[in-house]
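Residue numbers (numbering that gives the first Met the number 0), protein chains in the order written: chain A, 0 to 415; chain B, 0 to 234.
Please keep in mind that the hints were generated in silico from the structure rather than gathered at the bench.
Fair warning: this is a prediction, and the values are worked out from it, not measured in the lab.
C-beta atoms are modelled at their ideal positions from N, C-alpha and C, and glycine is treated no differently.
Possibly wrong hints are sitting among the right ones.
In silico lysine to any residue, SDA-like type, Cα no more than 20 Å apart, as pairs [what the hints assert, rightly or not]: (1) 103(B) - 168(A); (2) 103(B) - 159(A); (3) 103(B) - 169(B); (4) 103(B) - 289(A).
Quick partial rundown of chain A residues pointing at chain B, CB under 10 Å, derived from the structure [as the list claims (entries may be wrong)]: (5) 111; (6) 297; (7) 340; (8) 342.
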Amino acid sequence: MNGWSRLSRVAELRTTRAGVERTFSYLIAGVRLGTVAQMIPAVNTGVATSPHASGYLACWIAAAVASVAVSVATLVRRRPLGAAAAAVDFALACTLLVLGPLVLEAGERFGTWVAYQPGYALSIIITASGVRSVALWGGGLLGVSASYLVYLGGELGGDMTSSAIGNILTYVVYALVARMLFGYIRRIAHDADASRARAAELARREEERRAQVMMHNGVAVMRLLTEPEGGLPRSRLIDLAEVELRRMRTYLRGRVPGGDESATAGGDGSGPSVALAAMIERACDRFADLSIDTLLDLGADLRLPAAQAEALERAFESLLLNVRVHARAAEVVVHLDQAEDRSWTLTVRDDGVGFDPGSVQAGVGLREVVVGELRRRGLDVRIESAVGEGTTVTIASGPEAAAGRVDGDAFVDEAA
Amino acid sequence: MRPAVAVVEDAALMRDSFSLLMPGLDVVAAVASVEELMDRRPVVDVVLLDLHLANLEQPDVRQGIAAVRALTGCGYRVCVYSQEERRFVLAACVAAGASGVVSKALPTDRAQQLFVEVASGGTVMPQSVVGILEVLVRRDCITLLSERQRQVLHGRARGLSYAQVARQLFVSESTLRGYWLDLTRSLSESLRSLTPSEIERALGLAPGDLLELWPADATDVKGWWRTARKPGPGR
Chain A
0 MNGWSRLSRV AELRTTRAGV ERTFSYLIAG VRLGTVAQMI PAVNTGVATS PHASGYLACW
60 IAAAVASVAV SVATLVRRRP LGAAAAAVDF ALACTLLVLG PLVLEAGERF GTWVAYQPGY
120 ALSIIITASG VRSVALWGGG LLGVSASYLV YLGGELGGDM TSSAIGNILT YVVYALVARM
180 LFGYIRRIAH DADASRARAA ELARREEERR AQVMMHNGVA VMRLLTEPEG GLPRSRLIDL
240 AEVELRRMRT YLRGRVPGGD ESATAGGDGS GPSVALAAMI ERACDRFADL SIDTLLDLGA
300 DLRLPAAQAE ALERAFESLL LNVRVHARAA EVVVHLDQAE DRSWTLTVRD DGVGFDPGSV
360 QAGVGLREVV VGELRRRGLD VRIESAVGEG TTVTIASGPE AAAGRVDGDA FVDEAA
Chain B
0 MRPAVAVVED AALMRDSFSL LMPGLDVVAA VASVEELMDR RPVVDVVLLD LHLANLEQPD
60 VRQGIAAVRA LTGCGYRVCV YSQEERRFVL AACVAAGASG VVSKALPTDR AQQLFVEVAS
120 GGTVMPQSVV GILEVLVRRD CITLLSERQR QVLHGRARGL SYAQVARQLF VSESTLRGYW
180 LDLTRSLSES LRSLTPSEIE RALGLAPGDL LELWPADATD VKGWWRTARK PGPGR
């Protein structure tokens with residue numbers, strides 16, 4: 000059960016940089032211990048046939064101990080060994096190859112695990128290719144290849160020449176492939192980490208934006224409520240505050256009105272439609288202190304998906320709050336017009352002080368609650384203003400509405 | 000030169016303080032009823048008319064649309080000056096021949112400016128009436144001859160200033176004011192020729208919604224402004 004549990008943990012290794020290094024530690028331990036396992040059955044034969052049995056045994060034990068030590072160390076560290084340990088590993092492989100002719104009987108340097116040195120060297124080439132230093136990796140490969148030539152000695156010119164050349168090429172090819180894989184997998188992990196960090200940052204910004212959108216109008220209302228000489232009846236502000244309070248509660252419960260169709264309109268995103276003219280009338284009632292002319296006859300039949308209407312209502316209230324706080328307007332005209340092709344335009348015009356869009360940076364209200372939110376919903380927003388000439392905000396349906404998809408699910412999904 | 004005006008207003012305080020509050024106007028006469036004005040027949044540029052004139056002191060005097068019609072019938076330019084806000088009542092005043100409708104809720108400076116505009120031959124239409132006219136034009140109840148007129152109405156119905164509409168149409172502001180004057184005169188005449196049922200159909204109102212607000216013969220209707228029934232928002 001524990002074995003299965005460990006295996007499942009291996010399968011669930013994370014695709015982060017740390018997870019990849021841990022995976023490398025399993026790979027290295029597997030290759031090195033596997034090599035030792037292949038060496039074990041031939042050790043008795045090797046000792047029996049070696050011209051220097053004690054020397055053979057000492058070299059074998061050194062190789063086995065090094066493999067086990069490297070395996071344990073990498074598993075404990077959860078990552079491959081560093082440059083110094085890799086250098087020692089390469090050096091040991093070279094030493095064992097160079098000593099090979101002394102401890103092996105002539106004619107036994109190919110084809111059996113009695114001559115374990117080439118196989119051991121290959122395991123080091125594979126497992127040490129993850130070392131970050133290119134010089135160390137290249138030097139190690141060169142050293143092992145040169146040591147292998149020493150290992151072959153006088154047998155190089157015999158029948159096994161082709162095998163010897165093949166083995167050297169195997170070292171080179173395996174070293175290249177292993178290094179490429181180590182590098183590539185590390186790069187994937189790096190990119191994955193960067194993507195996750197980017198996604199987290201974007202999610203944070205999105206949440207910040209949603210919070211700004213959600214709270215902006217409420218903050219403006221609270222500010223008006225705290226002004227003792229605001230000149231507005233508190234009952235009107237309290238009505239508005241109650242609307243904002245409901246929105247904030249919904250947000251705190253984890254549902255963003257207008258931002259999460261599944262929460263407001265069922266899982267398929269198809270929500271109930273809202274009569275825009277009635278919604279505008281209700282919103283205007285909450286701003287009875289402003290002199291608002293609502294001309295909605297031309298759009299009296301217009302209905303919008305609930306989520307879109309919610310965003311529009313919030314933006315509309317934000318515009319009226321701006322008029323109330325900043326514009327000092329005598330008159331506000333709200334005009335709704337639906338054309339025969341079902342496209343529609345909502346115009347909010349005030350004759351207040353206006354502003355210079357070139358020199359005034361739009362606040363959260365205009366930037367996020369009005370322009371940002373509505374454009375995310377597929378609506379066009381145009382703001383025209385000049386100092387002393389009032390402000391005109393035109394909100395128009397996108398091309399989808401003109402194509403007769405105002406009530407369609409796709410409109411909401413695409414816009415979102 | 001200050002325009003000569005006559006004021007028809009049942010509230011004595013308002014009537015008597017007009018010349019003080021609006022020094023830009025030459026108040027030639029300030030009377031309590033249309034009948035009194037018609038007896039005196041002063042020569043003025045415009046008559047500023049309150050819509051609601053009947054009270055305990057003068058219960059049977061003309062008021063509302065009947066008053067507008069009586070004055071325009073005598074050749075006066077009439078500018079309604081009232082607290083009335085119901086858009087169909089205001090539109091009915093325009094249809095009855097009023098050249099302007101100004102709300103008493105406006106600051107006196109602004110109101111005086113609008114009175115001067117009407118006295119000098121201009122028209123002042125409340126935004127709500129402009130909205131009604133736009134609907135009637137869009138629904139082919141009133142026919143506008145030119146595309147330019149439609150564009151001007153389109154801009155003004157959205158509350159755009161003369162300067163803004165002029166920029167959009169690449170004309171000078173004075174030219175646009177001329178367009179607007181011609182247009183409002185034309186629309187007022189067209190509005191006058193419509194029956195309540197035609198307007199009800201165009202605006203999606205229920206049959207009869209406008210009968211009390213828009214009497215065919217206003218002289219026979221008393222208390223027309225007190226109707227509690229409010230026409231729906233239209234279709």
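Ascending list of hint numbers which this structure does not respect: Those not satisfied are hints 1, 2, 3, 5, 7, 8.
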